[in-house]
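Residue numbers (this note's numbering), protein chains in the order written: chain Y, 1 to 211; chain X, 1 to 186.
Hint data in this document are derived by calculation from the structure and do not stem from the laboratory.
Please read all numbers here as calculations on a predicted model, not as lab measurements.
Yeah, the Cβ is synthetic: ideal placement off N, Cα and C, and Gly gets one too.
Be a bit skeptical, because a hint or two may be false.
Said to hold, decoys possible - Not close to chain Y: a few residues of chain X, all C-beta gaps over 10 Å, as computed:
#1 Ala23
#2 Pro29
#3 Gly31
#4 His32
#5 Pro33
#6 Pro77
#7 Gly87
#8 Leu109
#9 Arg161
#10 Thr162
#11 Arg166
#12 Asp168
#13 Arg186
Stated by the list, open to error - Restraint-style ranges between C-beta atoms, simulated for each label pair:
#14 X:Asp148 / Y:Pro23: 20 to 28 Å
#15 Y:Gln114 / X:Asp79: 14 to 22 Å
#16 Y:Gln52 / X:Gly173: 47 to 55 Å
#17 Y:Leu54 / X:Asp86: 32 to 40 Å
#18 X:Ser145 / Y:Leu54: 43 to 51 Å
#19 X:Gly113 / Y:Arg67: 43 to 51 Å
#20 Y:His96 / X:Thr67: 44 to 52 Å
#21 X:Ser145 / Y:Gly7: 25 to 33 Å
#22 Y:Pro194 / X:Pro33: 52 to 60 Å
#23 X:Pro49 / Y:Trp129: 19 to 27 Å
#24 X:Pro13 / Y:Pro164: 20 to 28 Å
#25 Y:His96 / X:Ala140: 51 to 59 Å
#26 Y:Gly195 / X:His17: 27 to 35 Å
To be verified - Incomplete in silico selection of chain Y near chain X, CB under 8 Å:
#27 Asp21
#28 Thr29
#29 Thr68
#30 Gln94
#31 Arg201
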Amino acid sequence: MPEPYRGALSRQPQRPLVVVDDPEAVELTGPVFGAADVTAIDSDLTRQHPGQPLGQRITVSGRVVDRTGRPVHGQLVEIWQANAAGRYAHRRDQHHAPLDPNFTGAGRCLTDDQGHYRFTTIRPGAYPWGEHSNSWRPAHIHFSLFGTAFTQRLVTQMYFPGDPLLPLDPIWCGVPDADRQRLVAAYDPELSVPGRALGYRWDIVLDGGPR
Amino acid sequence: MTLEPTPSQTIGPYFGHALPHPAGGRIAPTGHPDTVTVHGRVLDGCGAPVDDALLEFWQPAPDGSRTGAPGSLRRDPVDGTAVGRDGVAFTGFGRVATGADGGYVVRTLRPGGVPYLSVCVFARGLLGNLFTRAYLSQAADPLLSSLDARRRATLIAVPERTGVHRFDVRLRGDGEHEETVFLAFR
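My request is simple: use the sequences and hints to build the entire structure.
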C-alpha cells in the first residue's frame, strides 16, 4: 500500500471550513447548460479528427443521480484523458510518449431524462509521474459533473477494473478504503458494441444537493 | 434511500485542453454598461502564484433570478470548436483558468438579491474543490457578520476603481496574509 496522496501541502487550507447553513444560499442552485453548449459528436472522442485514434475503442456510460437516487437530467458531463500511449494533448505533459494527431482526449455531453450519459473513446494508457520512483498512474478518465445545485459540483477520476496499478496508486489510495471501489467502472458485455468497442459502466452519485 | 456519494479526486494539471474556453470569464453581455470586473490571483501558502487553477463563478442574474440560462460553453456545430457566448444571454456561470502569474479576470453584472458571487476553486494538489464567495459589497449578510474582521476581509472583493474589484484567493495562510475563508454547505 503506497502512502496515500495528500495533495500539495502549500495548497491545502489549514483553517476549518466555515459552515453555511442558509436555505437561501445561492449555492443551492446552479448553472444550466443546453443544446448550444454541446454538439452530438462531442461525446465521441474517436470522431473529432480526420483519422481514427490508435488504441482500444471503448464506450463508457452510466447514470448520474443524487443521494436520494433522483436522476440528474439535462446536466453537463465533461471528460478528459490521456491517449492510448499515456500522453495528454497538453503542453505541460512532456512525458516521453507519442501524441496522437487523431486524439485530443476531451469530450462532453448532457445527461438524458433518466440521468444517463454515454461516451465513446479509447482506453487511456498508464503514465509515469513524479510522486515517487517508478510511480505510474493507472489508466483513468477525468470526469467533471454538475448537479442541480452548485454544491454538488464534482470533479473526479474513473478507473478500469482489474488494473494492477490501482493498489499502487497514491491518488486512488487517497480515497478511504470503503469508497475506493466506487471510482472503478465495471466491464459490461451488454454495453459492448459488436466488432467495435468494449463497454464499461460507471454510475455517479452527486453529494451535497438541496435537501 | 441514501446512496453513498462518488468520491472527489484532484483535477490534476492537464484539464486545460478540456474545461476552460474562450469567453469563460465574460459573464456580462457584450458591452453592457453595468459591467463589473473582478480580477485577482490565486496564491499558495508560500505566496507563490497558482498557475494551474480553475475558478468557476455562479450567481443570480441582476433581477435576482437563480435559474441561470444555457449558453456558457457554446460550441460550433460545424467543427466542434468552442465559440464562446452569444453576448446576449446572462447565464450566471463563468469559468476561467489562472495564467502563469496566477491571475484571472471575470466581467459580470451585479447579482440581484445577494451581495456575492459564488466561487468554486479547483487546482492540482487539491483533493477536491473548494467553495468561497467574492462579496462585491459589505451589505448585511449572515456569513460576513459571523466572521471576525480579519477573516471577513478575505471574502471582500476590494473596489479598486469604479467597476473594478480585486479578489485574491489564498489557498493557505503564509503567516503574514490570512487564508481565504472556504465554505461547507449544510
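Take a quick look at X:Arg166 and tell me if its Cβ sits farther than 10 Å from every Cβ on chain Y, holds or violated. Answer for X:Arg166: holds, closest chain Y Cβ roughly 20 Å.
Checking a non-interface call: every C-beta of chain Y should be farther than 10 Å from the C-beta of X:Pro29. Is that right? Given a closest Cβ separation of 16 Å, the condition holds.
At the C-beta level, are X:Pro13 and Y:Pro164 separated by a distance inside 20 to 28 Å? holds (24 Å)
Supplied distance hint 52 to 60 Å, evaluated on CB atoms of Y:Pro194 and X:Pro33: holds (59 Å)
CB-CB spacing for Y:Arg67 and X:Gly113 relative to the 43 to 51 Å hint: violated (28 Å)
Measuring Cβ to Cβ, find out whether X:Pro77 lies farther than 10 Å from everything in chain Y. violated (5 Å)
Distance rule for X:Leu109, whose beta carbon must clear each one in chain Y by more than 10 Å: The claim holds: X:Leu109 sits with its nearest Cβ about 14 Å from chain Y, beyond 10 Å.
Range hint 14 to 22 Å (beta carbons of Y:Gln114 and X:Asp79) holds or violated: violated (31 Å)
Chain Y versus X:Ala23 - minimum CB to CB distance exceeding 10 Å, so not interface: holds (12 Å)
Once the shortest beta carbon distance from Y:Asp21 to chain X is found, is it less than 8 Å? holds (4 Å)
Checking the smallest CB distance to chain Y, is X:Gly87 really beyond 10 Å? The claim holds: X:Gly87 sits with its nearest Cβ about 13 Å from chain Y, beyond 10 Å.
Does the Cβ-Cβ separation between Y:Gln52 and X:Gly173 fall within 47 to 55 Å? Since Y:Gln52 and X:Gly173 have Cβ atoms about 51 Å apart, the given range 47 to 55 Å holds.
Hint check: violations occur at hints 6, 13, 15, 18, 19, 30 and 31; the rest are consistent with the structure.
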